[in-house]
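Sequence order for the protein chains is A and B. Numbered per my numbering, the first sequence finishes at 419, counting up by one with no gaps. Numbered per my numbering, the second sequence finishes at 300, counting up by one with no gaps.
In case anyone wonders, no lab produced these hints; they're calculated from the structure. One or more hints might be untrue.
As the list claims (entries may be wrong) - To list a few chain B residues with every Cβ distance to chain A over 10 Å, as calculated: (1) F49; (2) Y99; (3) M132; (4) G169; (5) T227; (6) L269.
As the list claims (entries may be wrong) - So the derived label-pair ranges between C-beta atoms look like this: (7) K179/B - Q265/A: 48 to 56 Å; (8) Q265/A - A136/B: 20 to 28 Å; (9) D189/A - S11/B: 27 to 35 Å; (10) I214/A - V93/B: 52 to 60 Å; (11) A73/B - G366/A: 26 to 34 Å; (12) D210/A - G8/B: 18 to 26 Å; (13) I213/A - A73/B: 39 to 47 Å; (14) G366/A - G126/B: 30 to 38 Å; (15) K181/A - S11/B: 47 to 55 Å; (16) D104/A - F232/B: 49 to 57 Å; (17) I236/B - I214/A: 44 to 52 Å; (18) I214/A - R176/B: 57 to 65 Å.
What the hints assert, rightly or not - Below, computed lysine-lysine pairings styled on DSS-like, alpha-carbon distance capped at 30 Å: (19) K130/B - K287/A; (20) K147/A - K181/A; (21) K297/B - K283/A; (22) K313/A - K130/B.
Quick caveat, the model's predicted, so the values are computed rather than measured. All C-beta atoms, glycine included, are put in the ideal place defined by N, C-alpha and C.
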Amino acid sequence: MTRTRTPGISRRSTLALMGAGAMSLAAPWVARAQSKTIKIGMPTILSGRVAQLGTSSRNAVMLEVEKVNAAGGLAGRQIEMVIRDSKGQPQEAARVSRELVNTDGCELLIDAEASSGAFAVHEVARDLGVFCIHTNSETSALTADPKQHIPNAFRTARQGVHDSIVGGSYAAAIAKAKGLKKWATCSPDYAYGRDTTAEFTLYLKRFAPDVEIISESWPKLFQPDYTEVVTKILQAKPQALYSCLWGGDLTSYIDQANIYAMFGQMEVFAVNMADYTALTVVKNLPKGIHSGNRYIKTFPTTPENAAWGDAYKAKYNEYPTNWSWENATAVMLMAEAAKKANSADGKKIAETLKGLTIKCPFGADGTVTMRGDDHTLVGYAIGWGTTIPQEPYVPEVKAGDWKTIFELEAEWKKSKGYT
Amino acid sequence: MDLDALAGCLSSSACLVTQTTSGLIIGMLLFLVAVGLTLIFGVLKVVNFSHGAFYMFGAYFAMTSYQLTGSFALAMLAGAAGTAILGLIFERVFMSRVYGADVLMQLLVCYAFVLIFDDVVRIIWGPEFKSMGMPAAFQVMPLFIAGGVVPPYYLLLIGVALIAAIVLGIGLSRSRIGKVIRAAAHNPGMVSALGINTGLIYGGVFALGGMLAGLAGALAAPVRSLTPGMGFSVLIESFIVTVIGGMGSILGALIGALLLGLIRSFGSLGFPLFTEGLMYLFMVIVLVSKPTGLFGKEAA
């Protein structure tokens, strides 16, 4: 009784096979639609010290891609993401990108690399002519420098110079109101730290000319201990401190400065503080640190933004990061451009994307625009506020004024010889 | 270079006190890691390249236990005891197999475990950085001594490390176990012939070394962010300490660590862009003038 069937193809499976054959004959569009899947390659950092940011980029992209696919895909083609780890190494990012296009058949690229890797991927995009959208590199030159300009590459990340203008004017207003003339800086000793600090102080002094930098500290990136830097700043007795330390470095710094009661002795401006990765980790967050917004679900204070932050948290059980919104925006823009162009072809998407404005939860006025002349995102929510130790962490964010940003950015570009 | 700032600091008691304590706490934490390294080398003749991992585990053990119990003392205990057990297991199961093997082999085993331990931490605690938070008892205003700022937590930290140094120093030179350990370092064959279990001594020394690094990690946990790979930078500095102080010398580790701490704290004032370089420069000067380190013994 245990074996009633002979081995081989059973009647039932034969029927099933025939049925499937008949189905594919009767409905050939099913098979064709599947082969029309569009592959999007995405190099990002999934291991090492900034893996958390890379993972949050992937999460955000997947969250949006699911929505696009559910709504019919990219101009009718279902998106298949091919995501690879670059380990944060530029040469690896370039290699992976090439492989994604040449071997895996990806037709579009989302480059979710930090600045060092982004410039490497940019060269690959230049070489292969593949559509590429940089999502994480904030280095202004990537799009501001005309030498970098190629028709097939875009950026949805915030831009360093925008942050500096808004931060500089915000800090200057407080400096004037509170009479903060003596400033100290403390930033990590590499390109990002040096450039960002220089740009911030440039605009701070521009808006508040009697500000003086009396002490500079340049701790190494990923330095475990900042005690000597903390005490050095205490000796200098500045009235205010600027820092663009980020992530674990910033939280270490806060913990170590806290026990010297530093935050009671000066106003602290830490541009990277208001990011959930740092806010939720610091156990004794001092009140009143001034910070730029990175991603916070209460700014812009719209239901769309709050809903997006909550949806992300519900799915991944943690809050999104600065990189998350930048990556989500890339998918939103690509989807809209493909819809407008009625094509998932990289060239057509690139053409439509120039100057495209879309509704977006991260827009200062509910929309963001891919600026046509330099292919970079503008109109995103940007502002500064002060922190409190519990949710919503930054209760009030003072929004930056895009009109001022545009004016000063144009001036900055001219001074750099970019225009 | 900013020699004015340095001179200004040296002539002000407030600055002198602040920078000296700042140097002491950096030095004392470094000492706890370095002394384990030097002890293990002295007795086992192995350069434990994976020593930084014990510092890392100490910090993570302390954080988890602090989150579970809310007790700072238990957190310190968990950091120290946990890494001692880990050290013992690591030595008995893995390191004991490569004694007498090629140095390259030992290095490879240790380096493999640097990577494995980092991944273990990543799997258990996640890749993102963590913070333990300062216990409420120490969230107080810093003390002002002669105008200088000294946080109470750092006094505790220096005290604990100092006690560890004294206990270790006296224990090794006076107690019977200490004498056996020193004998085993000198001539393991003879010690073994006298009926003493050298395996046990080796395991014990490794556990002790791990425990000291773990204690350093636990003490650092409230003020430093916890991340996989956090042991590595500490390890490099510990190596500099042991090279300066002399491989195998406890007093050397103490002096070397304190010197390095002071170089950092005063160097950051006088040579803000060359603080790291200063440490290596100092190491080079010591090595050129005394190749075995300040307190190292000439090879027999």
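Any hints this thing doesn't respect? Which numbers, in order? Violated hints (numbers, rising): 3, 5, 6, 11, 15, 16, 17, 20, 21; every other hint is consistent with the structure.
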